[in-house]
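Assemble chain B onto chain A, guided by the hints.
There are 2 protein chains.
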Amino acid sequence: MSTTLHTIKQFDVELEAVRAKVLEMGGLVEEQIEKAVEALHEADLTLADHVIAEDHHVNALEVSIDENCTYIIARRQPAASDLRLIIAIIKTITDLERMGDEAEKIARMAKMIHTSERLMHTRPVDLRHVAQLAVDMLRRALDSFARLDTNTAMQILRDDVDVDESFRGILRQLITFMMEDPRTISNSIELLFAAKAIERIGDHAKNIAEYVIFLVKGKDVRHTSVEEIEKEVVAPLF
Amino acid sequence: MSTTLHTIKQFDVELEAVRAKVLEMGGLVEEQIEKAVEALHEADLTLADHVIAEDHHVNALEVSIDENCTYIIARRQPAASDLRLIIAIIKTITDLERMGDEAEKIARMAKMIHTSERLMHTRPVDLRHVAQLAVDMLRRALDSFARLDTNTAMQILRDDVDVDESFRGILRQLITFMMEDPRTISNSIELLFAAKAIERIGDHAKNIAEYVIFLVKGKDVRHTSVEEIEKEVVAPLF
Chain A
4 MSTTLHTIKQ FDVELEAVRA KVLEMGGLVE EQIEKAVEAL HEADLTLADH VIAEDHHVNA
64 LEVSIDENCT YIIARRQPAA SDLRLIIAII KTITDLERMG DEAEKIARMA KMIHTSERLM
124 HTRPVDLRHV AQLAVDMLRR ALDSFARLDT NTAMQILRDD VDVDESFRGI LRQLITFMME
184 DPRTISNSIE LLFAAKAIER IGDHAKNIAE YVIFLVKGKD VRHTSVEEIE KEVVAPLF
Chain B
4 MSTTLHTIKQ FDVELEAVRA KVLEMGGLVE EQIEKAVEAL HEADLTLADH VIAEDHHVNA
64 LEVSIDENCT YIIARRQPAA SDLRLIIAII KTITDLERMG DEAEKIARMA KMIHTSERLM
124 HTRPVDLRHV AQLAVDMLRR ALDSFARLDT NTAMQILRDD VDVDESFRGI LRQLITFMME
184 DPRTISNSIE LLFAAKAIER IGDHAKNIAE YVIFLVKGKD VRHTSVEEIE KEVVAPLF
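Sequence order for the protein chains is A and B. For my numbering, count along the first sequence from 1 and bump the result up by 3. For my numbering, count along the second sequence from 1 and bump the result up by 3.
Hints were generated in silico from the structure; no laboratory data involved. Treat the hints with care, as some may be off.
Since the list gives no way to pick one copy over another, a pair counts as held whenever it fits inside one copy or between any two copies.
As the list claims (entries may be wrong) - Within a straight-line C-alpha distance of at most 30 Å, the following computed DSS-like cross-link-like pairs (lysine-lysine) qualify:
(1) K12 / K234
(2) K234 / K108
(3) K24 / K108
(4) K199 / K114
(5) K24 / K38
Here the structure is a predicted model, which means the values were calculated and not measured.
Bound conformation, chain A alone:
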């Protein structure tokens, strides 16, 4: 085998390794979010502590993938679609890391609510539905990244509206509880922040979907409405 062929093969191996690591990081973040929401709902403080302790794994993966990407750019000087992939990865892991932070925050709120003396003044709000929507968006964003599937990515952009609507429903419910019984205010505010963290997870999943479209179509679709993207970027090719 010639040196050039060997170099190209080595490059593909490196790219594939870094892609796999992104998916590993995404899977870990997904798990962290699910566990944090479960800890909040089941008042499982051990699980909450576990989520808080595991956040450093997410962070370590981000730093390590970042280093891999810098190495690949410096050594392999990728062009065109390979370079787009690397840049999409650098952006994706920033969003994944911030999702991990949101999971950690939810776990901290679980501890705050379930160990506080104010617990008797908490009115239950079900965050599991909206959390499921957000985790599902993340799962499909990772899937669309793995398979470079812009149809799935487009669907995620549309679904973000459902998470936002669900969040506003929870907000209205919490405001009603607080008005009916002001003693619930402190813990309702904690639950509100937890709901807000979930809504932000949906936003991050949407960002990843936009990077996938950028990656496949070579067009930056951030700051563009779903309708415009459908018309200009995706539709003509399907």
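Just chain B, lined up with the frame of chain A:
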């Protein structure tokens, strides 16, 4: 002049141009935040509309700088510190764009609060102090980026604690108001989200400061405590 020298000079011109554009974007974001907070405080709905309308400029700058960076990587194949600069820029503009989004959110809250029938049920909370702290962090983060000044960057990491504390003070104040008069709840929640947006602006400024340290020291200091950074990264050199 040889072709190589010419190429090197052209590369420096491109790098300098993209650095200048980042500072321009930062200045615009700073202005947007200040105007949004003023609109909220002075009930200036025209100013709020102006902030909302201007957000697309921030977004356009992000997309344009991103394209410049991709071009430079593909065409100039930068190595070592130049590559670190490009990667730091790609990350910095993501944070700047999100700060712009937070400014837009504050402007929307200003409109919501000051046009709502619930206005009579609003108890005033002064967000200007915490906003000033956050904007000041951003200004110094841009300054440390422009002058590659890790001392300023380190100070920003320390100052983020003040913004967080200030946010918690506002939260306590708002909870007191809500408990005293439940009719203030709806608008207090809007003010709480505005305060949260400001706190997040401080977090983004801190991220930029971390990229500056990464850029100058070649070491990734995210997920590292201020004390550790001082000991391991910055101190030995000053």
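Tested hints:
1. K12 / K234: Neither, since 38 Å and 42 Å both go past 30 Å.
2. K234 / K108: between (38 Å within a copy, 28 Å between copies)
3. K24 / K108: within (24 Å within a copy, 34 Å between copies)
4. K199 / K114: For K199 and K114, both the intra-copy (17 Å) and inter-copy (21 Å) Cα distances are at most 30 Å.
5. K24 / K38: within (21 Å within a copy, 42 Å between copies)
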